[in-house]
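One line per chain: the protein sequences are A and B, in this order. Under my numbering, the first residue of the first sequence carries the number 1, and numbering increases by one thereafter. Under my numbering, the first residue of the second sequence carries the number 1, and numbering increases by one thereafter.
The set of hints was computed from the structure by calculation and includes no laboratory data. Treat the hints with care, since some could be wrong.
Said to hold, decoys possible - To give an idea of the chain B side of the interface with chain A (calculated C-beta under 10 Å), a few residues:
| no. | residue |
| --- | --- |
| 1 | Gly52 |
| 2 | Gly125 |
| 3 | Ile127 |
Every residue, glycine too, gets a C-beta built ideally from N, C-alpha and C.
What follows is the residue order along each chain.
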Amino acid sequence: MIDKIAASAEAALADVKDGATILVGGFGGSGVPEELIDALIAQGARDLTIVNNNAGNGEVGIAALLKAGRVRKIVCSYPRQVDSHHFQALYRARKVELELVPQGTLSERMRAAGAGIGAFYTPTGYGTDLAKGKETRMIGRRGHVLEYPIRGDVALVKAERGDRWGNLVYRKSARNFGPTMAMAAACTIAQVYDVVPLGALDPESIVTPGIFVTRVVKVPRAQRKAA
Amino acid sequence: MSYAKLSRDQIAQRIARDIPDGAYVNLGIGMPTLVANHLPKDREIILHSENGILGMGPAPAKGAEDWDVINAGKEPVTLLTGGAYFHHTDSFAMMRGGRLDIAVLGAFQVSVSGDLANWHTGEKGAIPAVGGAMDLAVGAKNVWVMMEHLTKTGESKIVPKCTYPLTGLGVVKRIYTDLAVIDLTPRGLVARDLVSGLAFDELQRLSGVTLLPADKKAA
Chain A
1 MIDKIAASAE AALADVKDGA TILVGGFGGS GVPEELIDAL IAQGARDLTI
51 VNNNAGNGEV GIAALLKAGR VRKIVCSYPR QVDSHHFQAL YRARKVELEL
101 VPQGTLSERM RAAGAGIGAF YTPTGYGTDL AKGKETRMIG RRGHVLEYPI
151 RGDVALVKAE RGDRWGNLVY RKSARNFGPT MAMAAACTIA QVYDVVPLGA
201 LDPESIVTPG IFVTRVVKVP RAQRKAA
Chain B
1 MSYAKLSRDQ IAQRIARDIP DGAYVNLGIG MPTLVANHLP KDREIILHSE
51 NGILGMGPAP AKGAEDWDVI NAGKEPVTLL TGGAYFHHTD SFAMMRGGRL
101 DIAVLGAFQV SVSGDLANWH TGEKGAIPAV GGAMDLAVGA KNVWVMMEHL
151 TKTGESKIVP KCTYPLTGLG VVKRIYTDLA VIDLTPRGLV ARDLVSGLAF
201 DELQRLSGVT LLPADKKAA
C-alpha cells in the first residue's frame, strides 16, 4: 500500500541534509509553504541553497530561514522587494550568495531537471549581463543562451488538497511554481490543507500527479494574511 | 509655443486606445499597470499575469481581497469570467513562446536600435532584480515601452546606445512618452502624436537621437 501522508512537517523534513538544494514554492506571499519552512528552520539543516522566485518577505518563510543563518546561496529572479530586508542585509554583508536568473529561465531550468533535459538554449537574457560567461549560439539568426537544469534535493510546495498517493490540486494563483518544482526534486514534500480519500480528487483536474510527490503533510488552515 | 506634458494616466489612455480587440497583453509592473484602468469597454482584451493568470480583472473591493489572486506586483486582483489559472512554466511558455500580442514595459532607456534597459540601474550596491522582464522582452510579439521622455535631469531616455544594463537587444517596437509616440521602424525612429503645442523641431532637440516626422495623413 502506498501512503505518502507524513505524521507531521517535522517527520517529513527529518532527513534534509546540510548543504542541500531546496526548491521552495511561492510567488510573493502566495503559495509559500510556510509551515514546511518553519519545520526546516526547526530541523536545523544549514549551508542550504534555496531556489525561489523571491528572497523572502517580512519576517516569515524564507526571510526567517535567512535570518536564522541557514542559507548559503539564493537562486531567484526578484530579490528586491520593500520587505526583503533580511536578504538585503545579508547580501550587503556578503553572507549570502545570489544567483539571479530571469524568471522564465528559472522555471524552465527546473522543468528541464524534471523532464530529464541536459540543457537548453533560450533567447532570454542573450546579450545581457545575466548571460555573461555562458555559452551562446545563433539559432535562426537569433542569439540564444545555453542554460542548465536546476535540480533540487528537496522541493517544498504548498497545495490545497492531496491524497495518500500524493496527487495534488492547488488554489488559484498560489499554484505558481508548485507543479514545476514538484517535478524537479529528488524528494518533494507538499503541505496541504485537506487530505482527501483516493478518488475524491477529479482525475481530470489533478494538477500534480502523485508520482512527483514523496510526502504529503496536512497543516491547519491559517487565517489568510496579506503578502 | 508652449505645450503640456501628458500625465501618466494620459499616456496610459493612449496605449489603451491602441490595443486591439482580442489582444493578449502583459502589463509590466509600475507605470504600465495604469493601462488596465483605461481599456475600452467595448473590446475584449485579455490581461496575462506572469504568476499564472489569464483574464486578470481589476483590484477587488476593500475587504474582498484574496491573497491567492495577485498580480506580478503582488497586489490583489480578480479573475474575469472565462479566466484561467495555470502554473509558472505554462505562464512563461505563453511569454517566451510568442503567444502574447503586446507587452507594455517601463524603461530607463531605449536605444535607437530597440535595445531595452529596464531592470537594473547598475549602481554599485543596488540589489539586482530581473523578474520576468527579460522573458517578456524577447517573447512578446510587440514590446511597447511606456516612459517619460526625459530623465528628471532633462536627458533623453531614448539614446544612441544604452548605458544602463540591457534587458533585451533590438526588442522595442514602439515608445509612448509624455511628449509623443515613437515607432521604431526599418527606416528609423518615426515620431507621431506629439502633444499639443510641441513642434517637431523642439521634440528633436530634446531627444538627442535622429527622429523622422510621421506623415500626417498616415497618422
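Each hint, compared with the structure:
no.	hint	result
1	Gly52	holds, 5 Å
2	Gly125	holds, 7 Å
3	Ile127	holds, 4 Å
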